[in-house]
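Enquirer: If you want the building blocks of each chain, they are given just below.
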Amino acid sequence: MIAMTHAGYVAAGWIGTAVLFVGYALATVRRGRRLSRQVPPEDRRWS
Amino acid sequence: MTTTLPPRTTTGPADDAAPRVAAGTGSPATRVLGIGALVSSALLVLYGLVISPADAEMGDSVRLMYLHVPAATYLYVGCSITTIASGLWLWKRTPGWDALAEAGAEVALVFSVVTLGAGSLWGRPTWGTYWTWDARLTSTAVLVAMLVGYLALRRLELDPAARSTRAAVLGLLLVPNVIVVNRSVEWWRSLHQGSTLVKLHPTVEGNMLVALMVGFIAFGLIFAWMMVHRFRVAWLDQQADRLDLEAALAARRAESRTADAGTAPASTPEVTS
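One line per chain: the protein sequences are A and B, in this order. Once you know that position 2 of the first sequence is 2 in the working numbering, the rest is easy, because the numbers rise by one and skip nothing. Once you know that position 245 of the second sequence is 1245 in the working numbering, the rest is easy, because the numbers rise by one and skip nothing.
By construction, these hints were calculated from the structure, which means they are not laboratory data. As the structure is a prediction and not an experimental result, all values here were calculated from the model. We put the CB at the ideal spot given by N, CA and C, even for glycine. Some hints could be false.
Here are some chain B residues pointing at chain A (derived, C-beta under 8 Å) [what the hints assert, rightly or not]:
id: 1; residue: Ser1027
id: 2; residue: Pro1160
id: 3; residue: His1229
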């Protein structure tokens, strides 16, 4: 284990950031999938 | 109108029968972006937590700067996108600009949470407090409040065009506030330090600078990935609302036609004397 000063603060910052990014990414993808079922493919320009 | 539009539904058997090709907001480009974001994030963890040395004064809390500084930068970028897209929406009235403005504000809010969170966690061991009403922190808090207000405004039950216009007016104010946040350390006496990267003479060097640069790249790719997906979600939301409205209008027209047929002259009873 790497000895680290202020390890609790560093861990909280990094883990919190990872959880926020992953959570937001998953929520956005899930919302997109739900909405795309309601819209015909021709209105999804990227598909 | 001759097309019959399907009613807006959530999940159900009909959804299972729908084509599964490229469902959602993903595309080959976003997959490349996503892989790039994951690889650069792994590099950021390596450089930020392992390779970068501890700072002589801050100790290991400097590792929070590899999150805080890039997050603050992309917070500014997100706000700038919202302001520019809001202006273009007010000028052109193109739905795409409105969707881009919404996406920029929401992703900026995500990065503002990282900015304030990592900054506060860094502040506790360095300044002795998580929060102080310093010029930089206070102006950032105002910026976050504006972003929350902007997104709340977008959720009001109003005519969509009126809602977008009101939100766009608030969106125009984001960049002026970003300028205040950015310049606050120079305009007022502030506990917050000045710029970490000043032109070609940065105040960090060696592996610390590399870690910070990797942070900019990783957060940039994450920001781009989130922006593309969130823009597409906003676009789909607009299309679903349009389909809802068109389906409701079609149903209303069908009702009127049925009512007209029910009151046709052939069915009117004759009056006899």
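Enquirer: Identify every previously stated hint that the structure contradicts and give their numbers, smallest first.
Expert: 2
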